[in-house]
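Student: Please build the complete structure, drawing on both the sequences and the hints.
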Amino acid sequence: MQLLQAPCPADSEQPIANPLRRTLLRGAGFAAITLCLPSPLVAAAIKHPHQQVDRETLIRLVAAETGLPVSYVASMLGHATFTPAIIRQITTPYESRSYAEYRPLFLGHSMEKMGRDYLHQQQQHFAAVEERYRVDKEIIAAILGMETRYGRHRGKDRIVDSLYTLATGFPRRANFFRKELGEFLLLAREEHLDATQQLGSYAGAFGTTQFIPSSYRAYAVDADGDGHRNVWDSPADIIASVGNYFHLHGWQQGRPCAHWLPVIPQLQAHAEAGFDQWVTLASLRRQLPALPPQWQDDDKVTLIDMQPPQGRRFALVHYNFYVTTRWNRSYNYAMAATEVAAMLGGQSFAVT
Numbered sequence: 001m002q003l004l005q006a007p008c009p010a011d012s013e014q015p016i017a018n019p020l021r022r023t024l025l026r027g028a029g030f031a032a033i034t035l036c037l038p039s040p041l042v043a044a045a046i047k048h049p050h051q052q053v054d055r056e057t058l059i060r061l062v063a064a065e066t067g068l069p070v071s072y073v074a075s076m077l078g079h080a081t082f083t084p085a086i087i088r089q090i091t092t093p094y095e096s097r098s099y100a101e102y103r104p105l106f107l108g109h110s111m112e113k114m115g116r117d118y119l120h121q122q123q124q125h126f127a128a129v130e131e132r133y134r135v136d137k138e139i140i141a142a143i144l145g146m147e148t149r150y151g152r153h154r155g156k157d158r159i160v161d162s163l164y165t166l167a168t169g170f171p172r173r174a175n176f177f178r179k180e181l182g183e184f185l186l187l188a189r190e191e192h193l194d195a196t197q198q199l200g201s202y203a204g205a206f207g208t209t210q211f212i213p214s215s216y217r218a219y220a221v222d223a224d225g226d227g228h229r230n231v232w233d234s235p236a237d238i239i240a241s242v243g244n245y246f247h248l249h250g251w252q253q254g255r256p257c258a259h260w261l262p263v264i265p266q267l268q269a270h271a272e273a274g275f276d277q278w279v280t281l282a283s284l285r286r287q288l289p290a291l292p293p294q295w296q297d298d299d300k301v302t303l304i305d306m307q308p309p310q311g312r313r314f315a316l317v318h319y320n321f322y323v324t325t326r327w328n329r330s331y332n333y334a335m336a337a338t339e340v341a342a343m344l345g346g347q348s349f350a351v352t
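Anchor point for the sequence shown: position 322 equals 322 in full-length UniProt numbering, and the numbering is continuous, going up by one each time.
To be clear, the hints were calculated from the coordinates, so they are not data collected in a lab. The beta carbon of each residue, even a glycine, is placed where N, CA and C say it ideally should be. It cannot be assumed that every hint is accurate.
Simulated restraints on C-beta separations [unchecked claim]:
{"no.": "1", "residue 1": "H192", "residue 2": "Q89", "range": "28 to 36 Å"}
{"no.": "2", "residue 1": "D54", "residue 2": "R173", "range": "13 to 21 Å"}
{"no.": "3", "residue 1": "S75", "residue 2": "Q268", "range": "29 to 37 Å"}
{"no.": "4", "residue 1": "A100", "residue 2": "D226", "range": "43 to 51 Å"}
{"no.": "5", "residue 1": "T81", "residue 2": "Q253", "range": "25 to 33 Å"}
{"no.": "6", "residue 1": "H50", "residue 2": "R152", "range": "28 to 36 Å"}
{"no.": "7", "residue 1": "D222", "residue 2": "D276", "range": "36 to 44 Å"}
{"no.": "8", "residue 1": "P171", "residue 2": "S110", "range": "21 to 29 Å"}
{"no.": "9", "residue 1": "D297", "residue 2": "H50", "range": "29 to 37 Å"}
{"no.": "10", "residue 1": "D117", "residue 2": "A282", "range": "39 to 47 Å"}
{"no.": "11", "residue 1": "Q197", "residue 2": "K113", "range": "45 to 53 Å"}
{"no.": "12", "residue 1": "Q123", "residue 2": "R173", "range": "35 to 43 Å"}
{"no.": "13", "residue 1": "A282", "residue 2": "L248", "range": "21 to 29 Å"}
Tutor: In structure tokens form, the structure reads like this:
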């Protein structure tokens, strides 16, 4: 088989540069940092028992990494609340369940009705996005339905509290969330938002799209031309922003995402390799001649092992499935999005 390697970028979590670390931890220097912070923060220096980084150190790190004034960062984080429940939520995500348990959260009559209604109500915006970004409307609608039920559930946690908690009390990804905190403060300044009042998910995602801050800054679009990238309330901006994200990650319009297959023992090793082993569909046809003939032989495909309600099965996944995992890296999420898209009329997604 001809192997095709797909990129699989990891979260960027670079260690703090040694000179900066030395500066922050040097005794006299650290005392000076504390003295120059606003007085409410000096009083708030005591850490929660589960925190690994105190507030003052975080403020200085975020200011150094973003170029924002220390006074601004301090004013935004001065009353951020460390919330242990957020740590519990992020360590037990829904995506960790089997697909048989996960799927019913999104596949059902209510989702289908909401999705079809949204596609109809916003058909002009979807048509514009399909033409400009070459991304199928059904996958965009599926993402928006799964994330927030089309804006009905956008999260009730203060974003500064969520990101502050994860940046100081979740060591495995503290660097990542500290950078997202910095990105959030930057976008709040750029978009003229009060960072202390914005609500979102326990992971710091927000809006109808549930972008994390860095994704908002990189991919959000001002499609309605009002000067703001409004992923909360502007259907034009919301739909275009998701379309832009998928376009820039390589979505192939009109191509399939996934197809269920029985477990084939001779392909077990391939399924275990997953995204590390891509082949052309033409080469796989030699072992699976019953594959749908309309699929193009130059499609890049691989196999993954999943647990749908019917019991263990292989999923033959195309490159569009990989693109969907750039939005959320869970196989469960990507397969559910594929099934929702097919349910909303995207017959080319081929998940039967």
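Student: Against this structure, judge whether each hint is valid.
Tutor: Okay, the hints, checked on the actual structure:
1. H192 to Q89: 28 to 36 Å: holds, 30 Å
2. D54 to R173: 13 to 21 Å: The hinted range 13 to 21 Å holds for D54 and R173, with Cβ atoms some 18 Å apart.
3. S75 to Q268: 29 to 37 Å: At roughly 56 Å between Cβ atoms, Q268 and S75 fall outside 29 to 37 Å, so the hint is violated.
4. A100 to D226: 43 to 51 Å: The hint (43 to 51 Å, Cβ to Cβ) holds, given that A100 and D226 are roughly 44 Å apart.
5. T81 to Q253: 25 to 33 Å: violated, 44 Å
6. H50 to R152: 28 to 36 Å: holds, 32 Å
7. D222 to D276: 36 to 44 Å: Taking Cβ atoms as reference, D222 and D276 lie about 38 Å apart, which means the hint holds.
8. P171 to S110: 21 to 29 Å: 39 Å Cβ-Cβ, so the 21 to 29 Å window is violated.
9. D297 to H50: 29 to 37 Å: Once the Cβ atoms are compared, 54 Å apart, the range 29 to 37 Å for H50 and D297 is violated.
10. D117 to A282: 39 to 47 Å: holds, 40 Å
11. Q197 to K113: 45 to 53 Å: Violated: the Cβ-Cβ distance is about 33 Å, outside 45 to 53 Å.
12. Q123 to R173: 35 to 43 Å: Once the Cβ atoms are compared, 39 Å apart, the range 35 to 43 Å for R173 and Q123 holds.
13. A282 to L248: 21 to 29 Å: holds, 28 Å
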